[in-house]
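S.K.: The lines below spell out each chain.
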Amino acid sequence: MTRKRRRLWILVACGLGLGSATALTLSAFSDSLVFFVSPSDLAKDAPNGRTVRLGGLVEQGTVVRSGGPGKPVATFRVTDGANSVKVTYAGILPDLFREGQGVVTLGTLQSDGTFRASEVLAKHDETYMPKEVAEALKKSGHWNPDAGPPPPASTWNTLAGAKQPGS
Amino acid sequence: MTHLPFIAASYALGVLVPVGFGIAAFLRMGRARRRLAAIDPRAQRGGLA
Amino acid sequence: MNARSVVGTPQAGRSLHRFANPGQFLRLSGAVLPWLTAGAVALTTLGLVWGLFFAPADWQQGDAVRIMYVHVPAAWLASAGYMALAICSVLSLVWRHPLADLAAVEIGPVGAGFTALCLATGSLWGKPMWGAWWVWDARLTSVLVLFFLYLGHVALVRAFDDPTRGYRAGAILALVGVVNLPIIKFSVDWWNTLHQPASITLTGAPTMALSMLWPLLIAAVGYMLTFAAIVVARTRAAVMERRVRGLLMARAASDGAEAPVVASSGEAAPERAAAERAAFQAAAQESAR
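Top to bottom, those sequences are chains A, B and C. Mapping of the first sequence onto my numbering: position 85 corresponds to residue 86, and the numbering continues sequentially without gaps. Mapping of the second sequence onto my numbering: position 14 corresponds to residue 18, and the numbering continues sequentially without gaps. Mapping of the third sequence onto my numbering: position 147 corresponds to residue 697, and the numbering continues sequentially without gaps.
A couple of the hints might just be wrong.
Distance windows between CB atoms, simulated [unchecked claim]:
#1 C:Phe604 / A:Gly114: 46 to 52 Å
#2 C:Val729 / A:Thr3: 25 to 31 Å
#3 C:Leu701 / A:Gly69: 46 to 52 Å
#4 A:Thr23 / C:Trp645: 37 to 43 Å
#5 C:Ala705 / A:Arg117: 42 to 48 Å
#6 A:Arg7 / C:Trp740: 48 to 54 Å
#7 C:Met633 / A:Asp32: 25 to 31 Å
#8 C:Ala581 / B:Ile27: 18 to 24 Å
#9 A:Leu19 / C:Trp740: 43 to 49 Å
#10 C:Leu752 / A:Arg117: 41 to 47 Å
#11 A:Ser33 / C:Leu578: 45 to 51 Å
#12 A:Ser28 / C:Ala607: 39 to 45 Å
#13 C:Pro732 / B:Ile27: 32 to 38 Å
#14 A:Arg7 / C:Ala705: 40 to 46 Å
Reference listing, derived: stretches of chain A covered by chain C, where coverage requires no fewer than 3 residues with Cβ under 8 Å from a Cβ of chain C [to be verified]:
#15 40 to 52
#16 75 to 87
#17 123 to 130
#18 133 to 144
Keep in mind the hints are simulated off the structure, nothing from the lab. No residue lacks a Cβ here, since even glycine has one placed at the ideal position from N, Cα and C.
Sequences are here, hints too, so could you generate the full structure?
M.R.: Here it is in structure tokens:
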């Protein structure tokens, strides 16, 4: 029994050591573990010509599509609420791209303050909602997709697409 | 872009992986049971099979 | 020498080794396995058919949301399977539990398979939705590390001539890899990732419509039972294979002892030859049935 107990304690000690070492390493490299930076990060310290990923929401009413067929060009502003950056992108935007949607763009900040992207990825949020529920919420005025993320699921899940009670 | 091929491929994989592992496991179990029964007289008497 | 002594002596009493008796394991698992398999097939089929044909399309993703009903259960099983591997490793290292060794060996490939399924379906969802097959964000990278940990374990436990050393080395690798599990879980909260955060949490209400949550949970339970059934079946096979090896060795040893000392023809050990003869006979008997 004592041998087993000793092995158990050795294991616990090794686990604690490994765990704290990992925690320290992760917190030390935390900056390089982020996948994208926000417009505010970009405004704080501009990466001079370095290729970075810029992430945020596509600002309302800023999407301008131009360019001929086969060579689409889009400009839009990416915002995190506090700051926003103008992004230009030549290429096909992903299906989920729309105003108010989270996006992550890869590119470089130009000297004129615009961000030239070579890749645009749509970021999906954790909300999963049937079309009918989204329609019902929009119709009843509980949610405007252009204004922000959907209301918390607890407010509509119990209704599950049924009529909204008078509010 | 139509998403149908992506959905079909996902479900094909989602069925094939468990079914493949399952069939392989049951075949291996049957093979081991027959080998054991062939050399172990106890196995034929006992309730191992 | 009988088979029992080769495959581990059962001990009475209140120790964990009560459950280490292979005969008892075979009886118990043999009784459970049919039910486990039936439940696994029924729930997995129900969950996947519900998800593919009856669950509603997402207002943003459309029908591509259906990939979730495969991807999310596979992802949960990838982590849960590794947790099971780690528990077996503790039982193996601390209590020297013989069944835990066999179970760990058998969990490895299955876990690697489910992790690969998670990565592949995630990729198939990412291409139409994100616009990329793969990105190096913290969530995707940590799950890829999990896949490599599984592969490393699969290779390591089989790399030694002495299986016991393989079990020990594999158990240590599995326990070192446990630090990856919280990293996978919390990567979407700790760092900016392209991967979305969890929709289903223990603390808050799910951010998912109930009409999507039910098929997801059923598919997840179905996959869990499937994983368990596969591992139990593989472990049963491993126990029986070990008993076959033990019997062959015991037979070879007794044959060697009874045989007259004529084994002067080179280095061929009489035990080896006898074991091979016994195995051949067994195989011949089997194929004759």
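S.K.: For every hint, state whether the structure bears it out.
M.R.: Comparing the hints with the structure gives:
With their beta carbons about 50 Å apart, Phe604 of chain C and Gly114 of chain A fall inside the hinted range of 46 to 52 Å. Between Val729 of chain C and Thr3 of chain A, the C-beta spacing of about 28 Å keeps the proposed range 25 to 31 Å intact. For Leu701 of chain C and Gly69 of chain A, the hinted distance range of 46 to 52 Å is satisfied, since their beta carbons lie about 48 Å from each other. For the hinted restraint 37 to 43 Å between Thr23 of chain A and Trp645 of chain C, the CB-CB distance of approximately 26 Å leaves it violated.
Between Ala705 of chain C and Arg117 of chain A the beta carbons are some 45 Å apart, a value that agrees with the proposed interval 42 to 48 Å. For Arg7 of chain A and Trp740 of chain C, the hinted distance range of 48 to 54 Å is not satisfied, since their beta carbons lie about 35 Å from each other. Restraint check, Met633 of chain C to Asp32 of chain A: a C-beta distance of roughly 30 Å satisfies the suggested window 25 to 31 Å. In this structure the hint that Ala581 of chain C and Ile27 of chain B lie 18 to 24 Å apart at CB holds, the actual value being about 22 Å.
The hinted range of 43 to 49 Å is not satisfied by Leu19 of chain A and Trp740 of chain C, whose Cβ atoms lie roughly 18 Å apart. Hint check: Leu752 of chain C to Arg117 of chain A, Cβ distance near 43 Å, so the stated range 41 to 47 Å holds. In this structure, Ser33 of chain A and Leu578 of chain C meet the distance hint of 45 to 51 Å, their C-beta atoms being roughly 50 Å apart. In this structure the supplied range 39 to 45 Å holds for Ser28 of chain A paired with Ala607 of chain C, their Cβ-Cβ distance being about 41 Å.
At roughly 35 Å, the beta carbons of Pro732 of chain C and Ile27 of chain B sit within the given window of 32 to 38 Å. Taking the beta carbon of each, Arg7 of chain A and Ala705 of chain C are about 30 Å apart, not inside 40 to 46 Å as hinted. Only when three residues or more bring their CB closer than 8 Å to a CB of chain C does the claim for the segment 40 to 52 of chain A stand; here the count is 0, and the claim is violated. Residues of the segment 75 to 87 of chain A lying with their CB closer than 8 Å to a CB of chain C number 0, which falls below the three-residue condition for coverage.
Check result for the segment 123 to 130 of chain A against chain C: holds, 8 residues qualifying (beta carbon to beta carbon below 8 Å, three or more required). With a cut-off of 8 Å between beta carbons, the segment 133 to 144 of chain A has 4 residues touching chain C; three or more are needed, and the interface restraint holds.
In this structure, the earlier hints numbered 4, 6, 9, 14, 15 and 16 are contradicted, and the remaining ones agree with it.
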